[in-house]
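Participant: These protein sequences, in sequence, are chains W and D.
Letter 146 of the first sequence, counting from 1, is numbered 543 in our numbering, and no numbers are missing.
Letter 63 of the second sequence, counting from 1, is numbered 460 in our numbering, and no numbers are missing.
Since the hints were made in silico from the structure, they are not lab data.
Ideal Cβ positions, reconstructed from N, Cα and C, are used throughout, including at glycine.
Do not rely on the hints blindly, as some may be mistaken.
No more than 20 Å apart at the CA atoms, straight line, and that leaves these computed lysine to any residue pairs for SDA-like [to be verified]: (1) W:709 with W:1072; (2) W:773 with D:981; (3) D:425 with D:710; (4) D:789 with D:755; (5) W:486 with D:930; (6) W:426 with W:403; (7) W:1118 with W:1076; (8) D:773 with W:982; (9) D:486 with W:709; (10) W:837 with W:983; (11) W:486 with D:940; (12) D:426 with D:463; (13) D:486 with W:1119; (14) W:709 with W:791; (15) D:773 with W:983; (16) W:486 with D:1041; (17) W:1095 with W:1119; (18) D:709 with D:781; (19) D:486 with D:533; (20) D:773 with W:1031; (21) D:773 with D:755; (22) W:527 with W:403; (23) D:709 with D:691; (24) D:996 with D:1032; (25) D:789 with D:1103; (26) W:837 with W:791; (27) W:507 with W:669; (28) W:486 with D:1042; (29) W:996 with W:1072; (30) D:507 with D:531.
Examples of chain W residues lying across from chain D (beta carbon under 10 Å, computed) [to be verified]: (31) 666; (32) 669; (33) 869; (34) 870; (35) 935; (36) 938; (37) 940; (38) 977; (39) 982; (40) 1004.
Protein chains: 2
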Amino acid sequence: MHPPDLTYGDFTLPGEAGHEALTLRLAKKWGADTIRDSDGTQLSPEIVQSGYDIYSTLCLPRSVQPWARTHRDQLQQNYLMSFPVVAAKATTTITLLAGFFTEQFAVNFKDRPRRWWQVFDRTTGEEVPKSRWSAQPRRGTVAITGTVPGHSYTVNFLAFRIWEEISMYNHLTNDWGDREHLAAVDPMQPAVQRVLLAYLGQWLRGHPDTRVVRFTSMFYNFSWFWGADRATLRDVYSDWGDYAMTVSPRALRLFERRHGYRLTSEDFVNGGLYNSTHNAPSRRYRDYVAFIHDFVIAFGRRCIDLVHRHGKLAYVFYDDHWIGVEPSSPRFREFGFDGLIKCVFNAFEVRLCAHARGVRTHELRLHPYLFPTGLKGEPTFAPGGHPTLDAKNFWIDARRGLVRAPIDRIGLGGYLSLVEPFPDFQDYVAALAREFRLLKSFHAADRPWCAPYPVAVLTAWGDLRAWTCSGHFTPGVELYDVLESLAGLALDVRFLSLDDVAARGVPPDVKVVLNCGRAGSAWSGGHHWDDPRVETALTQWVRRGGGLVGIGEPSARPRPGRHFRLAPVLGLDRDAGDRVANGRFRYAAPAGRAPGTAKHFITADVTAPLDLGRDVDTIYVFDAATQVLAERDRTPRLAVHGFGRGRSVYLSGYRCTPENTRLLHRALCWAAHREGGWAAWSSSNIRTEATWFPRAGKLVVINNAGTPQDTVITLGDGRSKRRVRLAAHGIAVRDVAG
Amino acid sequence: MHPPDLTYGDFTLPGEAGHEALTLRLAKKWGADTIRDSDGTQLSPEIVQSGYDIYSTLCLPRSVQPWARTHRDQLQQNYLMSFPVVAAKATTTITLLAGFFTEQFAVNFKDRPRRWWQVFDRTTGEEVPKSRWSAQPRRGTVAITGTVPGHSYTVNFLAFRIWEEISMYNHLTNDWGDREHLAAVDPMQPAVQRVLLAYLGQWLRGHPDTRVVRFTSMFYNFSWFWGADRATLRDVYSDWGDYAMTVSPRALRLFERRHGYRLTSEDFVNGGLYNSTHNAPSRRYRDYVAFIHDFVIAFGRRCIDLVHRHGKLAYVFYDDHWIGVEPSSPRFREFGFDGLIKCVFNAFEVRLCAHARGVRTHELRLHPYLFPTGLKGEPTFAPGGHPTLDAKNFWIDARRGLVRAPIDRIGLGGYLSLVEPFPDFQDYVAALAREFRLLKSFHAADRPWCAPYPVAVLTAWGDLRAWTCSGHFTPGVELYDVLESLAGLALDVRFLSLDDVAARGVPPDVKVVLNCGRAGSAWSGGHHWDDPRVETALTQWVRRGGGLVGIGEPSARPRPGRHFRLAPVLGLDRDAGDRVANGRFRYAAPAGRAPGTAKHFITADVTAPLDLGRDVDTIYVFDAATQVLAERDRTPRLAVHGFGRGRSVYLSGYRCTPENTRLLHRALCWAAHREGGWAAWSSSNIRTEATWFPRAGKLVVINNAGTPQDTVITLGDGRSKRRVRLAAHGIAVRDVAG
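Please work from the sequences and hints to get the whole structure.
Facilitator: This is the structure in structure tokens:
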């Protein structure tokens, strides 16, 4: 095996016109093979013709501005629910956009309101008959008659979006003054398709030096509804995965023709909750997701074919306008994309990128973005900023995923000129690129060793939302923390939906099922547990020897007397407040080395009281066989239970910390009955992790901390040890034969 | 007006045979006019004929033991739900009493199981057809065929109670060895009625010196199901107000005849939650409560008439066998009782006793009970005990209620001989009795001053459960804490049900409505909010100027997008976990004198961060008009909101402390728009409270603390002040004309 060239290739550099010398110097220093433009930067002919491959960014729905301005009925739309109004009299008038940002929305009065809108009495939950309300376009209102004083009323109405959200966000964040407000056209409209394809053809002809067309991304943005008063309620609603911003009368008509039934405005509005990805989705909404996915593939494919006909490659940047793209979908390959680029803050996003089938190239856009300030407004490439430390900290998170799954390329984005005053940053990126190429070389003909107990994460979405919940990390959603921990562990992780389990049971090779989330969430499963086959299949599977790890409110679907559907398996349940009169089973208080924690295989590395974040309380045990390993205020935090030949572990919450990552890893191992194999490739120091590439005979040890660390790695025989010393943020590679 | 005699009368002393001298000495010292026996004590002829009135205790359902033993099918019964069994095969056998205490229960196989029992598949929630199961009396099991492996099954079955619970509790707590296990007969059975009436007639003839028959209480005990393993799960289920232990096939048949429909076992079992008083009751269960109340009145009246025919008085001790008695019911007077005796730990129980209409005499049984140990096993009249301090601490709690509402008599219970070694206790009871008589004299021709804004506590139960939730204080049920605070405040407090409000709105003189409790609880209202008239009436009432105080999860009845039905009135709502994607309205962080608390009329006496107990989190504001007065972790704890001409106050939880009592008092005053009248009869020191009797011209100031306190009372003009110094546990009386 040839030693790989660690100094060149697989790196995308953001060029910047006016800074040609810097661009070419850093391209060489970082070993770039490709130069890209970014939002706000141009490439000059000098750069474009310097011999590097060129990526050019293209956001189709925002690309045809003069036309969009003169065809406002071709803009994208969505349903909004007016803010509730409490009726004072028998006639009530609701100003539809009151409380919303009127630079983002304009009410769509053109498509017959009576056909497409609905008015609800939210006190009774009933729809107000259409004969009792009328739209008043000039005033922007709906007048409702026969209202009951004291009842709350809302209107579900269609609104055009007259300012595309990314344009709006950048514009308002950077005080762009009178710069144009870009609007997004709706490719569901035939006229828009003609205009976009014509534009794309012209664009392709106008970019002869472009090798890769980087779509940002396809057509529809994630959902983001802004409020009127940005100081108190900028985000009325925002969800990285909701298909809300794809809706139009045309889409609804085509859906009805395809699926044979009609969706209503309330299917999208849902009392103002809309279809947040975090809540268990309805069947109707899932049908709609499939319908839009179909459309985005179909029209996206026409665009990509055009790119290919011009001899160029088509990559998709999976962010912003990513609705309908669905890189985990089995149909993703039908787009014909050549590459997928994922911007990553976390390890789970690296795994998401690697997980996509149907593209040849998987590329990461690393952080920090070359911008004066970070996403929270903190300085990066500006006085007071520490861009090199930022880069190291982002890298050690992403690297946990990179050692576990193959990625083809990395890159940066933004204003390259900003890095000029930071020579240490320039040096660090060169080192980071070498580290990436080394890891890539190990993956090239090998797969890292995995523990022999595949783990399935069970949610309502299943593999469609593999290695994410809904876009980037959201604090308070425990499954994100779990995924971030799993992303760096030597485990084979799958994603199963409750529908999968209902139809086919647990796949035969899976040894542990993990279910994590709040009652009603898509992650715990919510109403998807109503199908009794899910409870049946999992119960029988554990009884026959399977392992279950439940976190938060696993299998929660409350019914009188039972909160968790898998309570018999877990040996505990949650008291949601209706068990004041039901006795509490007394269990032995956990006593071990760490305060309030019992001695057990799972807690062997615990040295301090558990910190599981804002966890679930009022858990009660009902079985003498349930062993509580940790508690707080007499409610279990960590418990284990045998059920038949299987085992379950319960955790009342989860935060991604090195301590909890180790706890979770041990819990999965114990649930799988694999304690005997625990030692293989384990690291004594929880801030470090080991990966073994068997064919290459390489042991890779990473330091996930910003301080130097010592550790002892146990080799695959479970006995031999290797002592390793790591620099802060460091990595070590050792030759270890199988 | 004659000065009252404070040394004699209105005091019931527990006599004890063998301690005649002590009995008569303390009767004189404490000014007793009455001597009683207690559970476990007898009165000797010397005591009975000493010239005092005599109370004799009588518990009818336990009174006919030899007969009960030979008529086991006449014992009381109830439904039990077997512990769930997860099916492993297509046939599943459930041992009915597995997990239950078999000295308490015997399965009733005599009344046709197929008619009265039900088997449920708790996985699907569906009843298993009767053709698919059969009862096996010899084995104590039910065998179910066609079971689905992995599904959970339970059997609802009837069980006789072969050991009455109070007998069982005393027996096992005190290690009574082979003393007889008493059983309770069911007076719903005609044969039992004949036996009991015969016994009562004989008993009355055998007690010629008894002036008052003290029933303990009527026929049916509160619900108390014991588990097999008392070390881990003694109380499978216990509720002070559930009618579960009144059920029998006869009762169900009579119910059907009366109400025209048939109740099922599941109406009582409810998935193992039974009908806890804390959960919002179903209409069917409320019909059953009314039916049993009817029966207890009807047969109770026959017993009381018999007592009266023997020239004696009938008092009811409202504890233990109190089911069906319902002293707050408008029908309570139909019993014809002469007195109601309430054992009191707390002020709210004093108010409960005073609240009962339809009896002439309201008597309190004070604590401590004359027993070696208290209810939690701590020493009282035993080495290590401090009975005098205990008595003082119980008294200052009860006294808060006594200054606000008239009570006719007080008394003690237990073994009088135990007080002999405690002369300071003997002295303190004499002083306490004088204090009681003084307060009674003020109430005699007067009503203490109340603030001019009647307050209504709104629950699903309404006035039927006035001044209690379900029996004695239960930690964690916020409304108990609220009631304990209200019991000592100068307020006119009413109790309204949601049905009352639906039918008739808020009574015209009520100025503030208080709703407090967890979602689904009877206290918050649960499904009773499904009647939109409740939301409508309250919303309109606040809009027109009413005041709302909501605590915990007021008006909670979740529907997508709204958790609190009165959210528009409160200006806030709760995120139950489904609003991850919905933006949070930003409010001004509260800043005032105490950390995290804003300056406001309501918080004027706050000096430290609020302690509201285990309160509700994830509250969100949605209105700029909502003012957050206190928060924790960016979730509001205390907030105010204007709605129309009315006002609302929200508190995220409640614990009864002097600080919170003041906070609640101010919140009610502010909600009523009565801040201008706040000063009248207020006490500067929150550990002291003032009551003014206008006709008597007496100002009574009590010290609720165990340490001396100084305070300044503002008089009724809102300006004049009276400085008062109080001893620990002390009381002061001042002449203050109106």
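Participant: Next, verify each hint and record whether it holds.
Facilitator: Hint check:
Taken as a hint, the residue 709 (chain W) and residue 1072 (chain W) pair is broken in the structure, with Cα atoms around 52 Å apart against an allowance of 20 Å. Annotation: proposed proximity of residue 773 (chain W) to residue 981 (chain D) holds, straight-line Cα distance about 17 Å (limit 20 Å). Pair hint residue 425 (chain D) plus residue 710 (chain D) does not hold up; C-alpha atoms about 24 Å apart against a cutoff of 20 Å. Simply put, residue 789 (chain D) and residue 755 (chain D) have alpha-carbon atoms about 31 Å apart, too far for the 20 Å limit, and the pair is violated.
At roughly 16 Å between alpha-carbon atoms, residue 486 (chain W) and residue 930 (chain D) fall within 20 Å of each other, so this suggested pair holds. The straight-line distance between the Cα atoms of residue 426 (chain W) and residue 403 (chain W) is roughly 12 Å, inside the 20 Å bound, and the hint therefore holds. With a C-alpha separation of about 10 Å, the suggested pairing of residue 1118 (chain W) with residue 1076 (chain W) holds against the 20 Å cut-off. Under the criterion of a C-alpha separation no larger than 20 Å, the hint pairing residue 773 (chain D) with residue 982 (chain W) is consistent with the structure, at around 19 Å.
Restraint check: the Cα-Cα separation between residue 486 (chain D) and residue 709 (chain W) comes to about 62 Å, which exceeds 20 Å; the hinted pair is violated. Between residue 837 (chain W) and residue 983 (chain W) the alpha-carbon distance is near 53 Å, which puts this suggested pair outside the 20 Å criterion. Restraint check: the Cα-Cα separation between residue 486 (chain W) and residue 940 (chain D) comes to about 12 Å, which is no more than 20 Å; the hinted pair holds. Between residue 426 (chain D) and residue 463 (chain D) the alpha-carbon distance is near 41 Å, which puts this suggested pair outside the 20 Å criterion.
Between residue 486 (chain D) and residue 1119 (chain W) the CA atoms are separated by roughly 51 Å; this puts the pair beyond 20 Å, and the hint is violated. As the CA atoms of residue 709 (chain W) and residue 791 (chain W) are separated by approximately 32 Å, the hinted pair breaks the 20 Å bound. Our distance criterion of 20 Å between C-alpha atoms is met by residue 773 (chain D) and residue 983 (chain W), whose separation comes to about 17 Å. A C-alpha spacing of about 13 Å is found between residue 486 (chain W) and residue 1041 (chain D), which places the hinted pair at or below 20 Å, so the restraint holds.
For the hint pairing residue 1095 (chain W) with residue 1119 (chain W), the CA-to-CA distance comes to about 13 Å; that is within 20 Å, so the pair holds. Between residue 709 (chain D) and residue 781 (chain D) the alpha-carbon distance is near 42 Å, which puts this suggested pair outside the 20 Å criterion. Under the criterion of a C-alpha separation no larger than 20 Å, the hint pairing residue 486 (chain D) with residue 533 (chain D) is consistent with the structure, at around 19 Å. Under the criterion of a C-alpha separation no larger than 20 Å, the hint pairing residue 773 (chain D) with residue 1031 (chain W) is consistent with the structure, at around 19 Å.
With a CA separation close to 34 Å, the supplied pair residue 773 (chain D) and residue 755 (chain D) exceeds the 20 Å bound. With a CA separation close to 68 Å, the supplied pair residue 527 (chain W) and residue 403 (chain W) exceeds the 20 Å bound. Distance hint between residue 709 (chain D) and residue 691 (chain D) is unfulfilled; the C-alpha atoms sit about 24 Å from each other, more than 20 Å. With a C-alpha separation of about 18 Å, the suggested pairing of residue 996 (chain D) with residue 1032 (chain D) holds against the 20 Å cut-off.
Of the supplied pair hints, the one linking residue 789 (chain D) and residue 1103 (chain D) holds, its CA atoms being roughly 8 Å apart against a limit of 20 Å. Under the criterion of a C-alpha separation no larger than 20 Å, the hint pairing residue 837 (chain W) with residue 791 (chain W) is consistent with the structure, at around 18 Å. Restraint check: the Cα-Cα separation between residue 507 (chain W) and residue 669 (chain W) comes to about 23 Å, which exceeds 20 Å; the hinted pair is violated. A threshold of 20 Å between alpha carbons decides the hint, and for residue 486 (chain W) with residue 1042 (chain D) the separation of about 15 Å falls inside it, so the pair holds.
Proximity of residue 996 (chain W) to residue 1072 (chain W) is assessed by CA-CA distance (about 15 Å); at most 20 Å being required, the pair is judged to hold. The suggested pairing of residue 507 (chain D) with residue 531 (chain D) holds, with an alpha-carbon distance near 14 Å, which does not exceed 20 Å. Interface restraint check for residue 666 (chain W): the shortest CB-CB distance to chain D comes to about 8 Å, inside 10 Å, so the restraint holds. The beta carbon of residue 669 (chain W) comes within 4 Å of a beta carbon in chain D, closer than 10 Å, and the hint placing it at the interface holds.
Among the interface hints, the one on residue 869 (chain W) is violated; its C-beta lies about 13 Å from the nearest C-beta in chain D, farther than the 10 Å criterion. At its closest, the beta carbon of residue 870 (chain W) sits 12 Å from a beta carbon of chain D; the interface hint therefore is violated under the 10 Å criterion. Below 10 Å, beta-carbon pairs count as interface contacts, and residue 935 (chain W) has one with chain D at about 8 Å; its hint therefore holds. A cut of 10 Å between beta carbons decides the hint on residue 938 (chain W): the least distance to chain D is about 9 Å, and the hint holds.
At a threshold of 10 Å, the smallest CB-CB gap from residue 940 (chain W) to chain D is about 7 Å, leaving the interface hint in force. Because the beta carbon of residue 977 (chain W) sits about 4 Å from the nearest beta carbon in chain D, less than 10 Å, this interface hint is met. The restraint placing residue 982 (chain W) at the interface with chain D holds, with a minimum CB-CB distance near 5 Å, inside the 10 Å limit. Because the beta carbon of residue 1004 (chain W) sits about 27 Å from the nearest beta carbon in chain D, more than 10 Å, this interface hint is broken.
Going down the numbered hints, you'll see the structure goes against 1, 3, 4, 9, 10, 12, 13, 14, 18, 21, 22, 23, 27, 33, 34 and 40, while the others check out.
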